[in-house]
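Q: Each chain, written out:
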Amino acid sequence: MDNAVLHIADVNKSFGGLHALSDIDLQVMEGTTHAIIGPNGAGKSTLLNICIGRLAPDSGAVVFNGEVITGKQPYEINQLGVARVFQTPEIFPDLTLLQNVMIPAFARRDGAFRLNGWQMASHQAEIMGQAEHWLEDVGLIGLRNRFAASLSRGDKRRLELAMGLVQHPRLLLLDEPTAGMSRHDTNATIDLLKKIKARGMTKVIIEHDMHVVFSLADRITVLAQGMIIADGRPDEVRGNPVVQEAYLGGTNP
Amino acid sequence: MDAFLLQLLNGLDKGGAYALIALGLTLGFGTLGVVNFAHGALFMLGAFIAVLVNRLLRLETVTIDPDQLTPWGTPAEIHTPLVQAWLGDFGAVLLQYSVPLSLLVAVPIMLLFGVAMERGLIRFFYRRPHADQILVTFGLAIVLQEVIKHYFGANPIPVSAPPALSGSANVGEWLGLGPGVYYPWWRLVYLSFSIVMVGLVIAFLQFTTWGMVVRAGMQDRQTVGFLGINIQRRFTIVFGIAAMVAGMAGAMYTPIVPPDYHLGMDFLVLSFVVVVVGGMGSVAGAVLAGFLLGVLQSFASMNEVKDLLPGIDQVVIYLVAVVILLVRPRGLMGQRGIMED
Amino acid sequence: MQMTTLRQEVLFMAIFTAAVLTMPFWLEPLGASYPDLLQKFAIYGIFAIGFNILFGLTGYLSFGHAAFLGMGSYAAVWSFKLLTMNVIPAVIFAVVLSGIFAAAIGYVSLRRSGIYFSILTLAFAQMSYNLAYSVFTPITNGETGLQLSLRDPRILDRTLDEAAGIPFPEFFGTEMNGYAGFYFCAVLLIICFFISMRIFHSPFGMTLRAIKSNQSRMGYTGFNTRPYTLAAFVISGMYAGLAGALLAVTDPLAGAERMQWTASGEVVLMTILGGAGTLVGPVIGAGVIKYFENIFSAYHEARLHEIFSFMPEPLQNFFVTITAPFVGEGWFLTLGLIFMLIVTFLPGGLMEGARRLGGLVVRRKSQQEPDKLATAGVGAQDHG
Chain L
1 MDNAVLHIAD VNKSFGGLHA LSDIDLQVME GTTHAIIGPN GAGKSTLLNI CIGRLAPDSG
61 AVVFNGEVIT GKQPYEINQL GVARVFQTPE IFPDLTLLQN VMIPAFARRD GAFRLNGWQM
121 ASHQAEIMGQ AEHWLEDVGL IGLRNRFAAS LSRGDKRRLE LAMGLVQHPR LLLLDEPTAG
181 MSRHDTNATI DLLKKIKARG MTKVIIEHDM HVVFSLADRI TVLAQGMIIA DGRPDEVRGN
241 PVVQEAYLGG TNP
Chain P
1 MDAFLLQLLN GLDKGGAYAL IALGLTLGFG TLGVVNFAHG ALFMLGAFIA VLVNRLLRLE
61 TVTIDPDQLT PWGTPAEIHT PLVQAWLGDF GAVLLQYSVP LSLLVAVPIM LLFGVAMERG
121 LIRFFYRRPH ADQILVTFGL AIVLQEVIKH YFGANPIPVS APPALSGSAN VGEWLGLGPG
181 VYYPWWRLVY LSFSIVMVGL VIAFLQFTTW GMVVRAGMQD RQTVGFLGIN IQRRFTIVFG
241 IAAMVAGMAG AMYTPIVPPD YHLGMDFLVL SFVVVVVGGM GSVAGAVLAG FLLGVLQSFA
301 SMNEVKDLLP GIDQVVIYLV AVVILLVRPR GLMGQRGIME D
Chain S
1 MQMTTLRQEV LFMAIFTAAV LTMPFWLEPL GASYPDLLQK FAIYGIFAIG FNILFGLTGY
61 LSFGHAAFLG MGSYAAVWSF KLLTMNVIPA VIFAVVLSGI FAAAIGYVSL RRSGIYFSIL
121 TLAFAQMSYN LAYSVFTPIT NGETGLQLSL RDPRILDRTL DEAAGIPFPE FFGTEMNGYA
181 GFYFCAVLLI ICFFISMRIF HSPFGMTLRA IKSNQSRMGY TGFNTRPYTL AAFVISGMYA
241 GLAGALLAVT DPLAGAERMQ WTASGEVVLM TILGGAGTLV GPVIGAGVIK YFENIFSAYH
301 EARLHEIFSF MPEPLQNFFV TITAPFVGEG WFLTLGLIFM LIVTFLPGGL MEGARRLGGL
361 VVRRKSQQEP DKLATAGVGA QDHG
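Chains as they are written, first to last, in this note's numbering: chain L, 1 to 253; chain P, 1 to 341; chain S, 1 to 384.
Extracted from the complex, chain L is given alone in its bound form (with noise of 0.2 Å):
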């Protein structure tokens, strides 16, 4: 449990002039399920999107697994061990549900390229059968056969749910999975992530929702204007003044 899977190390980003990320210092433990929130604008999204390579910081470096991958191409980073679940969908419209999931779940299993032109897709019972599970954990799985553009946005984001736990990623960065979603299904895939966690998956996930928060994470970082302004137990930081006044004296969570 002291092993820290993922380390932010004194990570800066600016866009012009705004300090989106100020000296970020973050170590996220090996099977924890770490939130980090805050009030928009926080650069939540910005560290998430430094931590998978869409990003470059401006200084510091982001060490997964004892190896740094600030620099590396998105692929590879995924190919590390991290996988992302976006905030707003990223999904193959024009492909359906079932391949939707099958997608990411080769790219487990055959690595960044193979020339796989041979065999049929559909023979491949090992990787459908895996795609098929998330979908039902997640819900979709009478919808397998439908093109995922047909999808509500609530589905959308199960189905980038999918997606995301279908590759069995060492970490797992959750960006506001349940946005949007209604309070059964918000409660549906709280149960779906605490099941997963049994698994012994790091998750990182931001969210608004304090309800979320507070149900999964065994530790909290609070961001306001791109610095850390708490970080600890989920009782510590609800306790913590700061924090209060951050949230208070800021936008709504």
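Simulated from the structure, these hints should not be mistaken for laboratory data. Quick caveat, the model's predicted, so the values are computed rather than measured. Positions of the beta carbon are idealized from the N, C-alpha and C atoms, including for glycine. Hints are supplied without guarantee of correctness; some may be wrong.
[As the list claims (entries may be wrong)] Simulated restraints, written as ranges between beta carbons of each label pair:
#, chain 1, residue 1, chain 2, residue 2, range
1, L, S152, P, T223, 41 to 47 Å
2, P, W210, L, Q244, 42 to 48 Å
3, P, G199, S, E306, 35 to 41 Å
4, L, G41, P, P108, 50 to 56 Å
5, P, I202, L, H7, 25 to 31 Å
6, S, G328, P, F207, 51 to 57 Å
[Said to hold, decoys possible] Okay, the calculated bits of chain P under chain S, using three or more residues with CB under 8 Å as the criterion:
#, segment
7, 135-142
8, 146-155
9, 286-300
10, 316-329
Assemble chains P and S onto chain L, guided by the hints.
A: Frame of chain L, contents of chains P and S only:
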């Protein structure tokens, strides 16, 4: 040195044509976000408007003069162009100046054509992928050139410059380079024409309120829309202007290269390269790149260069485009983020 | 786009094979069953199938595939000139060379996407075309085009009789003209179609579709997309090279005009017309275009008068006048118009049209038998 100067001038007038076409292309792209593969065909249409005007002016009346006899003893037929018959000497002058005159015809026709094209076809493709835009305008280009081929035939049709301007200017003497450096007058005219046109378009966009609104709309279409300005209509007109500029460029080009129906395609590929090199959506970039590539191509076709690098004259423009696209995808003066990925 | 089972594939392949091999018979009533045209159907079918592997699956619109077509023709003719009149080495030589050529061009062009990719490929094709006309004249024979001659070395055929005049490409003794030429092309078309079908239904094909659908997501999903797109580019370049070689097999000469960008435009057109991203669409598109090109360009005014002869004279003249620009020389005008109409109203091509029609029929039926809708709906989507 003389050869150098000549090549420079040679390149500049060709560059002028590139710049004028690329200007329109990049405007259409910057305003409407449309990739128009039919833009070269508009250049070609302009050229054929000049041909048509020339033909109309030459319509003749035939009178039979019983006093004059042909060598066979029949009364001679005297052909008189109608304009000359009606307007006398002035008509004769009009006939000589058919190419500049055709601009008067080309301006309204091409403007209307551009607007009609945008309203009738292009606007249905705003929300479609760029591939679809390329394809439908490619189809339109084929249609336009085939229509022209049907009416004017497949062979190039020579059109002469006004006689007063058809000789060569003794450029060498003016510039104190000594005798022997000659340059066709019409090419000088074309060069000045293209510079003036480019200047007019840029001034129009830069200094008139109307143009400023258009430029603001190119930057941020939504905000301008919120201000209650019908930006779409202005963009449509800009598209018409782009078509008009291409058409005028084509009409004026006829004395330099006799137009045939696939003139447009030849220029299109090159002007796309010009737009890419200049930067998609950048007006100044298109102009700069147009002249630059024209000159570059002209230098590449010098014998000294060709001996050194055989075939370079054929590929230099494309090579430049490839290098630019790989090294600096937004082009020389393009803005960051426009179709860049 | 459902998953297909092996049985469906076998059935589909059997139907396709039968349809291609019996083309000389069922095209008879349409007046299209002469060897020259049949060969073109097969050759351009291959070209379009290959183009579709790139454009239909990855969405990368290349405007430079004619370069590979021309490359294939030149390579095949050189094989005839230097090695042997047997078509096998010529075809292999052409496919390998155009594959290498495609790898080089693709490697550079695929660094950009969207319209920039189109322009890069266009630029490369124009360069090839210009060079073929100028500096490479010793290899391409410039404007005249590359032809066979009596003085060709033909190392492997030395023992053959030389007084017989210029030989014709042959397949172990069978000359590749007429129906023999068609069947050779047809067999290759079937093989090419089979390969393309496997690619479409494989994980590789699915990955390519995913790249088309959302390329940036592919990176975050762990795919290095560039080798995938490059592989698709090279495969489609090899198909184009094969088509070029077959053009030379059935008529052993090669000219630079095959590399011109209008030729690239033609294959784009065939693919779109049939339906980009569908399996059989491109073959149908190629067939339809080559068929109508053939029919329309053969028409002329006298023929039109015959067709409209059932009408009274003035009406007849009127119809002849308005239709005349579209036939004969005017075929390209018709082509351009069809193209615009298809892109505007039926972006999915003829295949989508067929599907829509099928959908209409199913819907009408289903109003009477509601329970059949589900099964029929799945079937209609099957070979998407």
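Q: If a hint holds in the structure, say so; if it doesn't, say that too.
A: Hints, verified against the model:
1. L:S152 x P:T223: 41 to 47 Å: 31 Å, violated
2. P:W210 x L:Q244: 42 to 48 Å: At 54 Å between Cβs, range violated.
3. P:G199 x S:E306: 35 to 41 Å: Violated, at about 59 Å.
4. L:G41 x P:P108: 50 to 56 Å: Given a distance of about 53 Å, which is inside 50 to 56 Å, the answer is holds.
5. P:I202 x L:H7: 25 to 31 Å: 54 Å, violated
6. S:G328 x P:F207: 51 to 57 Å: 52 Å, holds
7. 135-142: holds (count 7)
8. 146-155: That given contact holds, which follows from 4 residues of the segment 146-155 of chain P lying within Cβ reach (below 8 Å) of chain S.
9. 286-300: Violated: only 0 residues of the segment 286-300 of chain P have a Cβ under 8 Å from chain S.
10. 316-329: Result for this restraint: holds, n = 7.
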